[in-house]
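Going down the list, the sequences are from chains A and B. In terms of this note's numbering, the first sequence is residues 1 to 110. In terms of this note's numbering, the second sequence is residues 111 to 922.
Hints are not guaranteed to be accurate.
As the list claims (entries may be wrong) - Within a straight-line C-alpha distance of at most 25 Å, the following computed PhoX-like cross-link-like pairs (lysine-lysine) qualify:
{"#": "1", "chain 1": "B", "residue 1": "771", "chain 2": "B", "residue 2": "634"}
{"#": "2", "chain 1": "A", "residue 1": "81", "chain 2": "B", "residue 2": "117"}
{"#": "3", "chain 1": "A", "residue 1": "110", "chain 2": "B", "residue 2": "612"}
{"#": "4", "chain 1": "B", "residue 1": "549", "chain 2": "A", "residue 2": "77"}
{"#": "5", "chain 1": "B", "residue 1": "820", "chain 2": "B", "residue 2": "460"}
{"#": "6", "chain 1": "B", "residue 1": "634", "chain 2": "A", "residue 2": "81"}
{"#": "7", "chain 1": "B", "residue 1": "692", "chain 2": "B", "residue 2": "706"}
Unchecked claim - In silico negatives: residues of chain A with every beta carbon more than 12 Å from chain B:
{"#": "8", "residue": "17"}
{"#": "9", "residue": "21"}
{"#": "10", "residue": "51"}
{"#": "11", "residue": "81"}
{"#": "12", "residue": "83"}
{"#": "13", "residue": "102"}
Unchecked claim - Stretches of chain A that chain B covers, calculated by requiring three or more beta carbons in the stretch to come under 8 Å of a beta carbon on chain B:
{"#": "14", "region": "25–37"}
{"#": "15", "region": "61–75"}
{"#": "16", "region": "91–101"}
Don't read these hints as lab results, they were simulated from the structure. Beta carbons are placed, not taken as given, at the ideal position from N, Cα and C, and that holds for glycine.
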Amino acid sequence: MSPQLNAVSTVSLDAIDRFPSRMGRVFIVGETEIAVFRTSEDEVYAVENLNPHPKGGPLAEAIVSGHYIYDPLYDWKIDLKTGLVQEPDSGQVRTFRTEIADEQVILFTK
Amino acid sequence: MTNAKEKLVVIGNGMAGINTLEQILKLTDRFDITVFGSEPHPNYNRIMLSYVLEGSKTIDDIVINDWNWYKENGIALHTGQTVTNIDTANKTVVTDGGMTASYDKLLIATGSNSLMLPIPGSEREGVVGFRDIADCDQMLEAAKQYKTAAVIGGGLLGLEAAKGLVGLGMDVTVVHLMNDLMERQLDTQASAMLQTELERQGIKFAMGKSTAEMQGDHRVRKLVFTDGEELDAEFVVMAVGIRPNKQIGEVSGIQTNRGILVDDFMRTSAPDVYAVGECAEHRGICYGLVAPLFEQGNILAKHICGVETAGYEGSITSTKLKISGVDVFSAGEFIEGPRHTVIAAKDEWKRTYKKVLLDQGKIVGAVLFGDVTESASLQKYVREGTEMTDEIYGDLMGTGGHCGGKSKTAAVEKMADDEIVCGCKGVTKKVIVDAINEKGLTTVDEIKACTGATGSCGGCKPVVEQILSFVLGDGFKKTAKTGICACTPLSRQEIVASIKEKGLRTTKEVMHVLEWHNPEGCSKCRPAVNYYLGVIYPGEHKDEKESRFVNERMNANIQKDGTYTVVPRMYGGVTTPEDLKKIADVSVKYNVKAVKVTGGQRLDLIGVQKEDLPKVWEELDMPSGYAYAKSLRTVKTCVGSQYCRFGTQDSMAVGAMLERKFERLDFPAKFKLAVNGCPRNCAESCTKDIGIVGNDGGWEIFIGGNGGIKARLADSLCKVKTDEELTDTVAAVMQYYRETGNYLERTSEWVERIGLEDIYKKTVEDVEYRRTLIDSIEHALTFVEDPWKQVLNDKKMRSELFETAKPAVTQA
């Protein structure tokens, strides 16, 4: 974990309309790669762009369904709200709080 | 009274010991538990080592209880510690690392070791067993350095090891003393079919051979058989059997024979000392399979916790081979003797074999090869010695007229609640039944998600289906109609019909109107529905990038580290020095990790960073090869009449022409072509979706070939005289497949499902239908566009999908 991310800070990522619906975008904040997904309800979720599968890999290219994603490499189903991998697989990915203010997506780093 | 907990010590950190612990923990928390294990790993699924070898699973994947599990359950785990002595009088154990522990109850679960034959020379380097992760690592290592391998032993384990090594690229010969493979589980017929199938998969056999010596230097180099013949082998796996690991019993004065002797409650001769699993000998039998281990553990757990239970009466074992594409099953008595009545059916076309043995009218044993759907019922019948009836006969042998299924669910009905259904995950019938009832599950997929059953080798799927149908009764038939995934009960046909009838236009609309359980679908149905919409409305359907699987969304193949591969088109496998130069320059500039010549006659640039993809495409300035897509991939060609002295047709030119014509179109699954200039078939038409073979008077067209997971030789569809007829027939077959194929269904499966006769009728015989197919595909072809160019021309898509932004951080 990068030192910058230990303190609470905010990052203005981009305008909401620059996030394609039901797809992920990648941001580097500090030294952490973050995958940001916009759902069909126009909610925005951010998780670390690191597959919880033991073999690792990215998450941003996942298929988004509601507030769940199906990871692009191993097809694990992950809840974007909690970061929890759904049964029968298990694991958790780190999540980040986001907010939409003035059409801008804001990320909280802790 | 003291409230100190009773001390339970377990020797052996494998499936038997830990499964028993799990059972105990479900019943009581009164024990203070300590586990000693020789291996440096937490408990893993030994049965699945062959998957690790094959590469489909990692070591982490097969761990059943990870380190946290021990922690969470307050279990003291000491790995790398082998218990060397039990003092049964003072109730203590001591390990080779000098640790001691006292116990109130002791559980021996030391399993078994590979039986290593004392063949002269077998002490040389390169000779291993196949039993644990260390053996598996050695095999993976050996495959990188050596070419030839021998597996001694043609039993279950030996064959799985051999298949694994073949998969790793080694030249493998199985050496077997007997003339039949798996002779302890199969009869001669099934064994011969198994050998033929495995030979097809690349394993060689030396049958009826006994190894006299292993020769070499510091390392083994060859085997010498007793008949004087020799076999080169730089790596030898000894898989002749297992030997119960009873040593700890012997040195501690506990009664042993082949294994550690136990009674029906798994008690050994020493007080409060139990043995379970492969190290134990019960009524003269040492088991080497997983099911008895769960059954024993279950009874032992109840007994140790003071829960009333019937004693263990032994198991009727059944066997399943874990090699993809090879299904064998056997149970009970399967070698016929004079007292048996034999029911047998052999089908050499479908490569299936079925045999059931009766003794005085009762079912006592069975062997299945190729089709094992009846395995669950048979296992049950054999265990219970069920009387053969007309109804059961009809179900088993496929001649029953009236609604099968019934007796199968009856078999499940009689199954005991705590019987293990899924051996890989140790899931009992009760767990499955409860999950169905409490969570309202209606499909096998849901049961898998909830309990893990069927999730590993999948062998128990028929039983799980039967339990589901038993629990849900009539409700099952309504809800469990196999939909395309767990989100809907609708089939492809029903979905496609509704899309057309109701004029549905987007995946969202389809899922909403057709009442999907999961409103936005899953990774299986979203891409499928997007595909169906594309075929129904060519040119009108706006392709949904968000419903595409990563590779088709990014137009490149993702690798496990998140980099991608790039394969440019090389029409008909023919390139130019200029293109090669460009490929070389781009590869150097973008630091690709490997340039691979693919099986489809083109070049694969491996290890391109995601953000470099558009730049690589731009600089290559070549069309996408669609190596990532469910679309036309390669058209493999031989040299043909332009240069080859045998060539009768210009295969390179015709191959390139077909590739240019049909590229970029979406198919249900990937699609491969081959064009050959003569019947020598150098470009291997027999394993392609469409294989074309030239002859003096024209072309012969083959369809439905596959060289992948389930190999299938292509069927001859028809012969044509001109190139124009050839193109038309290819077009008609492609379109018929596009319209009727299930998403992800390869032509090899499609041909079997639809039938060659029907395909012939629609694409060759019925001229009018053929014309509509050709017109439809021509129409669809007018809308295709190169996907790499599309990204390069769409700045928004390019930045959203491929670029990584680095916004500034502000301290709050």
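Structure versus earlier hints, numbers of those that do not hold, lowest first
Hints 1, 2, 3, 8, 9, 10 and 16 are the ones this structure does not satisfy, whereas the remaining hints hold.
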